[in-house]
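Residue numbers (my numbering), protein chains in the order written: chain D, 8 to 563; chain U, 8 to 563.
No lab work stands behind these hints: they were computed from the structure.
Hints may contain errors.
[As the list claims (entries may be wrong)] Keeping only pairs whose Cα atoms sit at most 30 Å apart, straight-line, the calculated DSBU-like set for lysine-lysine is:
| hint | chain 1 | residue 1 | chain 2 | residue 2 |
| --- | --- | --- | --- | --- |
| 1 | U | K68 | D | K344 |
| 2 | D | K438 | U | K441 |
| 3 | U | K441 | U | K14 |
| 4 | D | K487 | D | K322 |
| 5 | U | K487 | D | K487 |
Here the structure is a predicted model, which is why all the values come from computation and not from measurement.
Number of protein chains: 2
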Amino acid sequence: MSDQKLKVIPLGGLGEFGMNCMAIRYGDDIIVVDAGMMFPDAELLGVDIVTPDFAYLEENKEFVRALVLTHGHEDHIGGIPFLLSQLNIPIYGTAFTLALVERRLEEHEMLDEARLHRVKPGQKIELGPFHVEFVHVTHSIVSCVALAITTPLGVIIHTGDFKVDPTPTDNVLFDLHTLAEYGKRGVLLLLSDSTNVDRPGYTASERAVLPRFEEIFNRAERRVVVACFSSSIHRLQQILDLAATVGRKVAFIGRSMLSATEIAHNLGLLTIPDNLLLRPQDIMSVAPHKVVCVVSGTQGEPMSAMSRVAVDNHKSLSLERGDVVVHSARIIPGNEKAIGRMMNHIARRGAEVVAGSMNPPIHVSGHGSQEELKLLLNLIRPRYFVPIHGEYWQMSKHAALASHLRSYGLEDTFILETGQTLEIDRHGARKGEKVTVGRICIDSGSIDEIVEDMVIRDRRHLSEDGFVIPIIAIDKHTGKCEGLPEIVSRGFVSMEERSELMASARQVVLRTLETSSNEERTDWGVMQEKIRADLKRFLNKQTQRRPLIMPVILEV
Amino acid sequence: MSDQKLKVIPLGGLGEFGMNCMAIRYGDDIIVVDAGMMFPDAELLGVDIVTPDFAYLEENKEFVRALVLTHGHEDHIGGIPFLLSQLNIPIYGTAFTLALVERRLEEHEMLDEARLHRVKPGQKIELGPFHVEFVHVTHSIVSCVALAITTPLGVIIHTGDFKVDPTPTDNVLFDLHTLAEYGKRGVLLLLSDSTNVDRPGYTASERAVLPRFEEIFNRAERRVVVACFSSSIHRLQQILDLAATVGRKVAFIGRSMLSATEIAHNLGLLTIPDNLLLRPQDIMSVAPHKVVCVVSGTQGEPMSAMSRVAVDNHKSLSLERGDVVVHSARIIPGNEKAIGRMMNHIARRGAEVVAGSMNPPIHVSGHGSQEELKLLLNLIRPRYFVPIHGEYWQMSKHAALASHLRSYGLEDTFILETGQTLEIDRHGARKGEKVTVGRICIDSGSIDEIVEDMVIRDRRHLSEDGFVIPIIAIDKHTGKCEGLPEIVSRGFVSMEERSELMASARQVVLRTLETSSNEERTDWGVMQEKIRADLKRFLNKQTQRRPLIMPVILEV
């Protein structure tokens with residue numbers, strides 16, 4: 008047995024929701040599993056996206072062998088451009104996952120330098136002392152894998168995100184056999200997804216949504232508009248097939264929806280029946296009862312296609328009385344109000360909203376419930392168990408779920424939070440040192456300036472570096488701005504420059520308010536985003552600086 | 008038939024969640040149904056509570072005959088002190104509802120002048136041209152009524168909040184017979200609760216939680232701590248009875264929990280077995296497996312008893328490994344993150360968290376699901392229907408639920424939003440004029456100054472009247488404040504006064520930060536509340552003014 012230590016180093020996603028990233032180190036070799044992002048809390052006004060602080064990896068640059076990806080959701084791949092800007096390591100993932108990564112890197116003009124290596128489920132690769140096998144699992148996105156990482160001290164199983172779907176829409180079953188094999192031979196450490204640990208029983212199969220869509224597609228007398236995640240290829244396939252059956256044409260709307268479906272189609276993961284697709288610009292000229300629109304923007308994001316459709320501000324689709332709008336996605340905690348506002352706009356247009364829990368369901372989760380988590384635990388029977396992907400209370404519940412395995416060789420369970428390492432050597436496992444972690448708040452900025460502009464860490468001492476707070480008092484019921492907008496700024500430009508600049512900035516904000524529709528004006532999310540975008544452009548032009556802009560809209 | 012018009016004037020709660028208030032006017036006579044409040048959005052930083060704008064009632068002061076209450080939840084009675092300060096009208100409600108109103112009025116030193124009239128289900132009262140019958144309904148609070156309001160133009164049924172619980176814990180059944188009787192004789196207008204319109208089927212009976220509590224009370228090896236709404240008397244009764252059966256003593260913790268249980272006990276609505284109660288100060292000296300604590304604060308409110316227990320900052324209860332903490336309440340939209348943080352704190356203390364959906368359930372809703380809403384619609388078969396208590400999309404779904412009644416005399420359904428009146432005369436019903444409505448943001452202030460201090464309407468032009476924004480940059484992982492806190496203020500004190508005052512205010516904020524525990528410092532909700540409270544005290548003392556204080560905590 009080896010003298011070196013094996014270290015598990017969570018850099019994101021343990022004790023917090025999103026931005027999953029985990030480093031695994033053996034001696035002087037490191038591999039990284041996933042590099043996700045999260046969307047900021049309402050509390051982080053003015054921030055577009057949040058990634059883990061990759062300082063640990065940068066400090067150990069010369070030891071990092073590769074980034075290995077489990078699947079293509081943003082909370083697993085969204086941080087890659089920011090990681091690669093710090094250390095350009097090779098990346099391993101399945102075809103669909105890499106295609107989504109390519110899209111992201113292309114946006115950031117980083118694709119040329121990237122070293123992407125496509126792998127298939129069942130394939131094994133060698134990364135220094137690590138042998139990594141990719142094991143197919145079922146989840147809400149296609150081409151999703153767990154990782155079996157053989158190290159000199161034993162095998163680590165990292166589940167990625169998963170559910171155990173007994174009847175996946177593509178008929179490719181969860182590879183229970185391979186995991187069972189590893190379990191039989193002995194697994195040192197299991198890292199398993201805790202997202203749905205509070206749900207009893209089994210998560211329903213992705214196919215469970217079909218009867219609900221059948222019911223809606225058949226009864227709707229006019230257009231059916233489905234809002235769903237663009238990466239839910241299984242769901243899109245079911246919608247396409249069903250539309251073909253009932254004789255409706257399908258239009259994809261929204262940038263991410265168009266690109267995700269194109270990618271999946273090119274890879275042969277999405278089959279589009281002939282003559283089924285409708286171009287967005289043709290939607291309004293086809294008989295309404297012959298149309299299904301599939302739209303991105305399920306979380307009430309102010310600038311998403313669905314939000315724009317809801318306030319009747321989309322060039323291709325205008326909702327009408329009798330249309331049915333289906334919200335076929337989970338509500339990410341924190342987005343309830345924004346989604347509620349979007350639904351109100353839709354209902355005001357006279358369209359029916361289908362959302363929430365119902366039987367048959369309109370949405371099923373991609374994460375396993377308690378029985379599936381126990382199934383994995385029982386198959387793998389690890390010596391050590393670390394719950395991952397969840398808030399503290401979820402990981403803590405997941406830990407409790409494993410307690411019956413004590414009599415099957417489970418020696419210990421550790422609840423780690425991001426930054427808390429686990430050390431394993433020949434004597435066993437224990438909590439190790441804490442490493443530097445944190446969140447990096449990114450103002451997405453322009454493509455050219457990612458590296459210097461993306462990090463708001465430099466703005467740590469707010470009194471010295473720069474922020475602008477436009478504060479607008481809006482009368483909720485008239486939608487009118489009360490008085491001139493106030494703009495509060497600190498550390499942005501000198502006192503002398505400020506008063507003139509702020510006077511002009513007020514006019515910019517005022518113009519944004521005046522040129523917005525009444526409906527937009529009653530939706531704070533939309534207004535905050537518009538004000539921020541306009542002010543950002545103006546201030547950048549005037550000063551070549553990019554202060555943190557945090558519009559505050561006060562209701563009066 | 009009469010020549011006068013009947014007007015339905017929604018002043019709150021239609022197209023928005025909370026602060027329910029509805030005026031009904033016939034000629035020159037007005038009655039008001041409920042006067043609720045809502046807790047502010049995260050977007051309304053610095054505001055304690057929000058009530059409807061009662062301007063319409065104040066303008067028509069001489070015509071307002073009475074306020075009639077359906078039940079004692081805050082979203083139905085919380086606005087009463089603010090309404091009464093504008094017009095001191097008589098109030099009618101059941102004993103428990105009035106007792107909760109009395110508590111509120113006492114806090115505001117307004118009880119002496121209040122004219123409270125206790126009514127019983129089945130009782131009828133005359134208020135000018137209105138004859139109001141109180142009809143017992145089942146809901147999550149006791150002593151809950153619907154209103155049958157007979158007017159010269161016909162009967163209006165206002166359901167209040169309800170579910171149709173077939174097996175209520177107090178065995179007092181929903182009075183379906185009376186409503187059926189009205190339905191048979193003919194109802195002009197139904198106003199019905201839309202809260203759970205997106206839920207299919209029936210809401211489970213309140214008794215459905217008992218098996219879950221049995222399971223927990225029996226298996227828990229140490230303390231059981233239950234967080235629930237203090238007004239959920241049915242649930243408290245079940246907890247008390249079960250505790251007596253299994254031999255655990257019960258301690259009530261939290262100001263509202265203590266007062267609500269005292270009120271219910273005094274009215275004979277809560278039966279407390281002999282020798283069952285444990286004083287909070289004795290909790291820690293009784294064997295843990297013999298204790299149940301029932302604690303107020305289910306929504307992660309930073310200053311609530313449960314939040315303080317979670318961060319180990321409560322004088323009577325300290326959580327220990329092996330304790331079980333039960334969250335037996337709904338999550339009010341917008342509070343997900345705060346509740347999640349509270350659960351993380353609890354899990355970090357080593358206690359088990361029982362929360363979320365499970366079977367048997369740990370919480371059941373007090374609002375009727377689709378089948379119950381249809382049952383009410385079918386019993387009452389109104390000529391006109393107006394969904395109430397919900398966001399626009401919920402009311403719109405509720406309207407659709409009534410469509411089958413067209414063949415049973417339903418002539419029209421109206422989706423009204425707050426401020427949009429409905430007019431009925433001998434020719435029928437139609438949307439009428441819009442009246443002035445809005446939200447009044449209240450900074451709860453001191454008891455002496457409610458009337459002048461409570462209304463932030465005076466602060467409409469923010470650039471002229473006063474607000475203070477302390478901005479604190481906190482390193483999330485160390486919990487340390489980065490640099491001195493910044494304080495942004497406008498319209499509060501003159502430039503000359505400001506710099507000195509703000510320098511001192513920074514020290515106040517800094518002191519608040521330094522004297523907080525590490526755990527408090529990582530919980531933004533707690534910190535914002537503490538900073539606000541301390542700064543408010545300081546600024547009020549220095550300037551005798553009460554600016555709107557909005558702490559902004561930035562993670563760096």
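How the hints compare with the structure:
1. K68(U) with K344(D): With a Cα-Cα distance of about 35 Å, the restraint between K68(U) and K344(D) is violated, given a limit of 30 Å.
2. K438(D) with K441(U): Roughly 64 Å separates the two Cα atoms, so the pair is violated.
3. K441(U) with K14(U): Between K441(U) and K14(U) the Cα gap is close to 11 Å, so the pair holds against 30 Å.
4. K487(D) with K322(D): It holds: about 26 Å lies between the C-alpha atoms, which stays within 30 Å.
5. K487(U) with K487(D): 40 Å, violated
When each numbered hint is compared with the structure, violations occur for hints 1, 2, 5.
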